[in-house]
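Bring the two chains, given one by one in their own frames, into a single complex with the hints.
As a plain string of letters, each chain reads:
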Amino acid sequence: MTDIKAEIDALPGLDPQAPLLDVNDLHVEFRTRDGVARAVNGANFTLKPGETLCILGESGCGKSVTAQAIMGILDTPPGFITEGQVRYRGIDLLKLPEAERRKVRANHIAMIFQDALSALNPVYSVGFQLGELFRKHRGMSRGDAKKRSIELLDQVRIPAARSRVTDYPHQFSGGMRQRVMIAMALALDPEVLIADEPTTALDVTVQAQIMNLLADLQNERNMGLILITHDMGVVADVADRISVMYAGKVVEEAPVYDIYARPAHPYTRALLESIPRLDHKGRQLNVIRGLPPALTAIPDGCAFHPRCSYAKDDCRQDPPPPPYAVQPNRTARCHFWREVVGDE
Amino acid sequence: MFRYIVRRLLQMVLTFFGATFLLYALVFANQEDPIQALAGERPITQNVRQVLTERYHLDDPFLTQYWYYMKGLLTGDFGTSLTGRSISDMMAQAWPTTIRLALMAIIIAATVAIVAGVISGIRRGSIFDNVTLVLTLVILSLPIVVLAPLTQLIFGIKLGWFPPTTGADPGFFKLLMPALVLGSLVVATELRVTRTSVAENLRSDYVRTARAKGLSRQRVIGVHVLRNSLIPVITLIGVDIGQLMAGAIVTEQVFNIPGVGFNLFRGIRTEDGPLVVGFVSILVIIFLVVNLLVDLLYAALDPRIRYE
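Protein chains in written order, with UniProt numbering: chain Z, 1 to 344; chain W, 1 to 308.
Check before you lean on any hint, since a few could be wrong.
Sample of chain W residues lacking proximity to chain Z, with all beta carbon distances greater than 12 Å (derived) [as the list claims (entries may be wrong)]:
(1) 31
(2) 41
(3) 295
(4) 296
SDA-like, lysine to any residue: derived pairs with alpha carbons at most 20 Å apart [claimed, not checked]:
(5) Z:136 with W:216
(6) Z:136 with W:218
(7) Z:136 with W:223
Simulated from the structure, these hints should not be mistaken for lab results.
Keep in mind the model is a prediction, meaning the values are calculated, not measured.
Think of the CB as a built atom: it goes at the ideal place given N, C-alpha and C, for glycine as much as any other residue.
Just chain W, with the same shape it has in the complex (with noise of 0.2 Å):
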């Protein structure tokens, strides 16, 4: 166990400069004019380019210029945005947004799944469970440019429940709208995963035995169906925490909130190479140390995983 551990940290570390590099190149392809860009439409004194060109090593070749960028970041630090801010500083004040942001939407998603998923695949066929199908294929249909904007026109302004922007430092009521509009775009599929996962146990050898064992009702679900049911939820879930991370950038966006998404969207607008790889690199790793936290709660849920 603790050797499968420290094999995959070492792999971390190695997919850690591969997406580096990836994402180096990527953003070095796609870079015309960085520099207006920064400007956007005024015009830039032949000086001011020259002194911005060689900050920044900007005439230099590829491999040059990538080297300069892990030589800061071997030394812990994440160079400077084109705008002059240090990238550091920009991610000490958007990870703790986007991370409590994420967390809150995906608790409030896999509670509603969960819940939900459990109920309808115990009752088949019912009023409850045709409502959900129902209500979850309207959620999965609807893309978050439309959701979001919406649910902040009606229940942000319209009838003014919350707050219709964000702002800094976000609190925990603040965040509560953006949450649900994030939680939507993975509550389809979770609870769609938990519903035909505790069906498909219901009908289960293991699940006759319980009940020929004389259990309740109670006891044979909560006890025997659940746990062997949510393996593959769980699984899920740790894949969508990433994808939360990183699909905040429409939500960001809408709600005014300076996180990751916020930042990053501005940072390829601006082809801010820098601003861009350093938040990419952190949110791989953060999928990685997710992926791997999800790999372990399966060996615990499931004792027929073993990790040599």
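Pulled out of the complex, with its shape left as it was, chain Z reads as follows (with noise of 0.2 Å):
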């Protein structure tokens, strides 16, 4: 049985000290014909062991570009990693050559994917698809990669495990499938787990069942986990941490708590303001005006001024505001994020 895991952490460049996962000035770019999209342009945070770290943002800001540079799954072309490092325990895995690289892929770093049915492949049984990662990571028989995946499968509490093995992706409901999933991104012990948008297509009795399985089996596991979504109630509930993204860049980084008692930025601020409020029954929704930028052209100075009431001048122009240090562990892309901290 070969131990990829050990081969890993064999590797040079491994400190113990450093963070679980440190990503570091991130840009991503995808060329296309009809220009360059900056996809991300500076994503930087880091996750410690048994943390939850919810990156949170709209449509399009890059959020899932950020998670699939981290796993290395770019489509490239015409996705390109210009800048930037993403280091699992200190190893910068951009620098990995791609044979070492595909070895931190489920051993190390696994992902969970939003479609649970598209992320499946429709021709083969479930029993085969988690199997496959026993057979070439751990060098395991089919008989015993069987094994392992009913196990598997009995952890994330798929019923009659034994007998839905042989079943395939569609013979499954949704909540089944995202459980098939999950068991999936955690069959080789990951340390670091990456869910996409886990819940966006389950409903919300399911969501729940699902975002509860998750936290116990990170518990379990002491795992960190980076939770893609854009639900402000999922990450209320099970972040300790909280990213939020707009046009490529981590605007606003912080624990969970002081994000929600006190935004540091307007955007945050604006996006916690739009969520429905049971004592604001009747009233109008409060909506941030506008469009996010086309990632073709996003204009200068910091991205969301033109959607921002705090907007002055210097807010207009290059170079874009960087990183305050609010407090220790928390940073905000603003120029005035005194003011927005300091408004009720």
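Here is the structure:
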């Protein structure tokens, strides 16, 4: 039996003291015929074991692209990582040769996708797709791999795992399919799990079940979890820290309590104000005026300035605001964060 | 599954009768003077004309003629050609040759199409992709009436690599050049479908998942992409087998292969009703059987498809 996990642990540069995952100034662009789309323009965050980091933002703000860049599964071309580092316990993954990089996937960093129906291969049984991980990464026989697959399906609480292991993805319900997806991600005991909108395609009761399952599994294994979502409700429930992304940048990063209590970036503030509230019943909902910028034409200065009520001339000019340290452990990319935090 | 197959086979019986009826009607409507067509330019004595007319019931009304034909057919007798030969004998000689030719053509075409299609689907926009695009366009735009004699002239006569004509009871090597020509009829579409299908599947979500699982590129393509991509190609190949058997008319004529197309061509020219109807009916049956096999294969490849 080959132990790929140990191979990565033996790589030079591995530092047990370094953060579990450290993304620094990540830039990703898509070179298309219609021009260059800057999908990620400086994403920063760190993740500790057992911690849940939520990446929050509207559609098209670069959340999923960031996740794919971390996994190393961007479609290249057209997607290119132009700057930055992604460090797993001190090893810069972007500098690893592909063969080594491949061993990091699923073994150390695994990912759950949004729509499990399209993310699972329709023509292979669930058991085959799970077992494949054990056969290719652990050198197990088909029989052993099948046994492990059944155990896994059991762990993600799929009833009658033994008989369902030979079923195909289309024979599962939406929630059960997402459980299969989770089982697949957790098969090789990764230290980091990236979940890209894991509950968006599910109905509300199933959403709660899946989130609970994820939280339980995370606790059992002390995994770092990156949860990508645009659902503020989910975030408040499970997150330890939040990264708010806008137009490919992390505009604010903070512990969850601080961000809900006192947002330091106008965009975060606007997002929180747009949550419907029971005590505002009958009133019109707050919305953020305008649309996020096209990624091929991101405005100069702070990308949020056309929609921002705090914006002054400084905000409309380059350089864009740097990540100001609001508190230790908390940053915001806004020149006027003091005003924003101070406002009630 | 079993009930599905039985139902399809029963449908086939109906289709067979429908097809023979339609064909018989068409041939009947097309007939002017089959006896004169048989004799060519030579004059025919009244006596001979009368004997032949009686033997083949040429004076009877359409339905009576069809009745005689079906009566023979149901007792396993395909009748006699106007030339006096038993049609069953002619078939026993022609079908094996044509089936061998068509199978060779489809195997060559499918192999080339799938290999080249997968490569150009993976390397979209590469030199290989563009060269195959141009080549397939050239092949696609050359009609077989041009391609067949041209190949015969160049490779059969000028270069002498292959025998220019085939003759009776041909072997593998003798059929190779005709099979290549025949295969070129379908290779272009099969290649383009494979390419599109591979390109499409490469962009799909489950391929991203497979990569996220840390699988090697060979495994992602060879196991995950390939099986999904080949589903539409298999269907196309099935339809093409039928097309190749029917489409062998020109090829068999040019290379002088005594197969189905060769006989059909002669039958149509000499207004030989029983000959044409017999051969085409079997062609219809083969078409249907191949389609049934393709549908069953389809279900084997794609678990989402189940027949009740």
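List, from low to high, the hint numbers that the structure doesn't satisfy. none
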